[in-house]
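> Chain by chain, the residues:
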Amino acid sequence: MVPESWYLGLSAVLFAIGVVGVIVRRDPLIIFMSIELMLNAANLAFVAFGHRLGSAEGQAVVFFVMAVAAAEVAVGLAIIVAIFRLRRRLSVDDLSAMRW
Amino acid sequence: MGAVAFVLLAGVAVGSALGLVLKRNPIHGALFLVVNLGTVAIFYLTLGAQFLAVAQVAVYAGAIMVLFLFAIFVLIPGKEETGPDPRRLYRVLALPVGAVLLALLVAVITIGTRGGRAPVATAPAPDGVEAIARLLFTDYLFPFEVTSVLLLAAMVGVVLLARRRTE
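Which chain is which? The protein sequence lines are A and B, in order. Heads up, the final residue of the first sequence is numbered 100 in the working numbering, and it's a clean run with no missing numbers. Heads up, the final residue of the second sequence is numbered 167 in the working numbering, and it's a clean run with no missing numbers.
Heads up, a few of these hints could be off.
[Unchecked claim] Derived lysine to aspartate or glutamate pairs resembling DMTMM-like cross-links, with alpha carbons at most 25 angstroms apart:
id, chain 1, residue 1, chain 2, residue 2
1, B, Lys23, A, Asp93
2, B, Lys23, A, Glu57
3, B, Lys23, A, Glu72
[Stated by the list, open to error] What the simulated footprint calls covered on chain A by chain B, stretch by stretch (three residues with Cβ under 8 angstroms from a Cβ of chain B suffice, anywhere in the stretch; the number is not a length):
id, segment
4, 9-20
5, 31-40
6, 47-61
7, 76-86
None of these hints come from the bench; they were simulated from the model. This structure is a prediction, so every number in the text was calculated from the model and none was measured. Ideal Cβ placement from N, Cα and C applies to all residues, glycine included.
All chains should be modelled from the sequences, with the hints used to inform the complete structure.
Pasting the structure below:
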């Protein structure tokens with residue numbers, strides 16, 4: 001049996017890759033997918049901790065994270081499509097309409 | 001699960017995550033993310049979370065990724081990152097930031113798990129689907145119901161956002 005700390009290490013690596021992806025990329029879709037990657041890394045850590053403690057509470061939390069992620073993706077992609085209709089261009093560097 | 005299988009799967013997971021971040025084409029990125037979500041589902045299985053493994057494939061790899069692919073096809077992006085990068089310095093700085101974050105996380109994990117096994121579970125190890133079902137319908141019943149309201153709100157919001165304004 002692999003110790004849970006290996007799962008936590010893998011989760012940390014995936015989370016760090018997601019953070020770098022959010023900062024480095026300019027395409028909002030890729031940034032969004034990197035956020036999903038980070039959510040998944042956190043979920044993996046939750047399940048690993050739950051397994052370590054012999055409780056299913058970690059899994060319950062992951063269930064709610066999944067539901068929130070589904071809602072978040074739907075709304076976020078709708079916002080991206082709406083912005084694209086308005087601007088015909090899709091780089092996060094151009095999106096400064098809410099700055100003052 | 002054997003250590004060899006874990007290392008192999010972890011390699012696939014990390015490689016597909018890197019592919020998502022490094023590939024220029026968003027469609028390739030989306031497909032890499034599907035691979036990554038699938039490996040995470042296998043890890044859920046090895047941790048005794050059968051329900052989450054199935055939900056991961058159905059919700060993430062199924063519904064969410066289809067939504068992503070639809071958005072990619074609608075937007076036809078991929079030309080955003082060809083021009084010169086006006087903020088190149090910040091993006092180069094992202095790599096050390098990521099490395100420091102990773103080092104911090106690994107340090108926290110090694111310090112936190114140094115004491116060997118965690119306090120052993122008082123109850124016998126919960127059995128996959130039944131344990132999470134029991135939790136969701138007793139202790140977490142209210143959040144579970146709120147989730148349905150959240151999904152409904154998201155649905156209405158998306159319809160409103162995606163509507164073509166014809167006035």
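> If any of the earlier hints don't hold here, list their numbers in rising order.
2
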